[in-house]
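Student: Fit chain to chain and form the complex, with the hints in mind.
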Amino acid sequence: MPSLKDLRNRIASVKATRKITKAMQMVAAAKLRRAQEAAIAARPYAERMDAVLANLAGGVTNREGASPLLVGTGKSDTHLLVVMTAERGLCGGFNTNIAKLARADAIRLMAAGKKVKIMTVGRKGADNLRRDLGKSIVDRADLRNVRSLSFADAEGISNKILGMFDAGEFDVATLYFSEFKSVIAQKPTALQVIPAKVPEAKAATGKSHTAAAVYEYEPDEETILGLLLKRNISTQVFRALLENAASEQGARMSAMDNATRNAGDMINKLTIKYNRMRQANITKELIEIISGAEAL
Amino acid sequence: MASTFKFDLVSPERVLLSAAAEQAVLPGVDGQFTVLPGHAPVVSALMPGVIHVTLTNAKKAVFVKGGFVEINPESVTVLAAHAFVLDEVDPRQLDAELSAAETALAAEKDDEALRHVSRAIEELKALRKTG
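So the protein sequences, as listed, match chains A and B. Start counting the first sequence at 1; every next residue gets the next number (the numbering used here). Start counting the second sequence at 297; every next residue gets the next number (the numbering used here).
None of these hints come from the bench; they were simulated from the model. Idealized CB from N, CA, C, for every residue including glycine. Some hints here could point you the wrong way.
To be verified - Have a look at the derived ranges for each label pair, beta carbon to beta carbon:
| id | chain 1 | residue 1 | chain 2 | residue 2 | range |
| --- | --- | --- | --- | --- | --- |
| 1 | A | Arg108 | B | Thr352 | 55 to 63 Å |
| 2 | B | Asn353 | A | Glu47 | 26 to 34 Å |
| 3 | A | Lys22 | B | Ala396 | 41 to 49 Å |
| 4 | B | Asn353 | A | Asp127 | 54 to 62 Å |
| 5 | A | Val71 | B | Val321 | 33 to 41 Å |
| 6 | B | Ser414 | A | Gly226 | 17 to 25 Å |
Just chain B, same shape as in the assembly (with noise of 0.2 Å):
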């Protein structure tokens, strides 16, 4: 079996990622799974949160506001509501997005919808303080 599979991150603007990865973490509506090379094909939705990826020779961290995921044995493709990669993204959007979140949190009834934004801001407020 392959130790990699191929990783492509597309948001509606853009490709932000295509590369080889050995595991993806992803959060899914069902919650957080990992994807290994050889999973099973799954399409799932996702839910606000970070998508960790091992590439081959680094890691990456995601941020996605919702979006599906499909899943094969040697592709994962994740298509990404709004997408940024976290190294590439300078603190001040993160804040920026954070407000947006809890401006959100706040106009939100619904209790799903509510449990999927106040995830999200738990995860980039923890973004926020590690990076």
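Just chain A, with the same shape it has in the complex (with noise of 0.2 Å):
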């Protein structure tokens, strides 16, 4: 049985902690809101980029010498798994939901005899796998001191990997990452970039002249093409970022809310018991000094 000291402590530290978890969860809506218009500000420019590469890809795709980015090796042997997650913890299911995903992925891939490399983003993911598919990890990028995600960030994790499959070190590229549905809710997604899921050219649903548009190019065709696809790797791994980092702040938020109700009702729990146990040493003494009284 607690002290009535033991209890009044244990109140003030779980208020101390209500405290820092409301912080928490108020730096995280801010962040949520910077995080959610900067995804949404680098929505055109992906858009414009898909519907760019669908014109031209439709054309190419069939053709001989097409580039490997879009049509691949030819062989699916080697897979690189680039795992998403945060840089810090205290954010409810989000970095191990990611890892979840890419590990029960890396599970199947090395049961179907297919060889399985890792490259962590984030401190958070890396830790996570680190455990059982350690040796799978071949590199991992760090985005610790970045406060603000610039399109500089993703493109250096986007030559690593462009670097990487110039190589030859892998055959299909896939990223893992959460996408952000609604501050609630955050889905991890697998991405396939390399070869690249190029979009249907929205003949139908699109603006007709930019669907009906034969297009001239310069330089040619191919060449285009072929920038465009090391760039679209680039637009994609930011667009994963942004959306990790929205996602991730939304899942911290909603963490910290849940933590915050949870301290609050301890804290009533902790005050009803404390509350109890004064009136029960009173009327202990109480019936002391009474009983004492009559016995005279």
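Tutor: Given below as structure tokens:
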């Protein structure tokens, strides 16, 4: 049975914890808004890129000598999993969910006799996967010192990926990140970037002139496509990073909201317990005094 | 024929410029070219350089570090790798850009890339003088 003093200390400590989680929730909310804005601002670029790429790729895919970034290397022996997670914890199941999805895929691929290489972005994913898949981790990118994500960060990562691809170190690359659905829903997602999944040219739904137009290319079609495909990797990485950043803040916000509420419940319970105990002590002392007086 | 076309400049981070324009001069890889309303559909890669846009009520100069442009009769979309509108930028950033480009020049071996980088440096120097 804890003493009154113990209970008082306990209540004070839970109150302090609640203040911290409350503050973290508010910080996450502010950061979430910024991350969301960044993710939305980056969308037009990715959309235009997709549209141009779809237009271009349609005619080239079936041709001889098409870029391996588009059609693949012709085999799928080695897979590169780029696992993107946060640099910090305390955000609910966010990091675990991404790692879980990547791990499941890695195990599935290995069971199918493929070679798996893992590149982690963000510290938490590396920590999570190190124990059972440590041997497969070939590279890790660190974004710990990055305050606000810029396209240059994404380019750094995509250049690493492209460098490995040119060196023939893998055949298929997949990005693992959390898609931002809403503040309370984040979906771990796998997105294959090499060979590129080119969106279908939206002939029926898209704006008529963009779909129907026959473009001239300057320089030639293939050069442009080659450049575009490389740029597309950076764009996809950038999009994934931004989605991830928004998801992380969303996850942290709801995790901290839960924690704050739990702390509140706990404080209530402890306070009731404390008051009952105080009351019981007073009653006990009264009984002692009264029975002492009666004995005289 | 319409006297303007829609000019969009998007960088990976945000939409930098979206307005009606009368004319745009773009630094294509095969040389500078001017776009007027009703231009034939073209997709072109861009060199590092300056885009001059004539909007309906103003002129703007935008520095881009490579990218792509998609041209339709009624719209021009620039997908810039890295861009800033020159009115909004302070000279110090321009200087930083310039020194970065010079470092890149020293490191570059490829002839084609060399040509691109040195052109960008010239453009930047010219801009700094006027600005």
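Student: Note whether the CB distance of Arg108(A) and Thr352(B) lies within 55 to 63 Å or breaks it.
Tutor: Because 57 Å falls inside the window, the suggested range holds.
Student: Honestly, do Val71(A) and Val321(B) meet the 33 to 41 Å range at C-beta?
Tutor: Given about 36 Å between the Cβ atoms, the range holds.
Student: Do Ser414(B) and Gly226(A) keep their Cβ atoms within the hinted range of 17 to 25 Å?
Tutor: holds (23 Å)
Student: Given the range 41 to 49 Å, decide if the beta-carbon distance of Lys22(A) to Ala396(B) lies inside it.
Tutor: Because 43 Å falls inside the window, the suggested range holds.
Student: Assuming the hint says 26 to 34 Å, is it satisfied by the Cβ distance from Asn353(B) to Glu47(A) or not?
Tutor: holds (28 Å)
Student: How does the Cβ-Cβ distance of Asn353(B) and Asp127(A) compare with 54 to 62 Å: does it lie in that range?
Tutor: holds (55 Å)
Hint compliance for this structure: no hint is broken.
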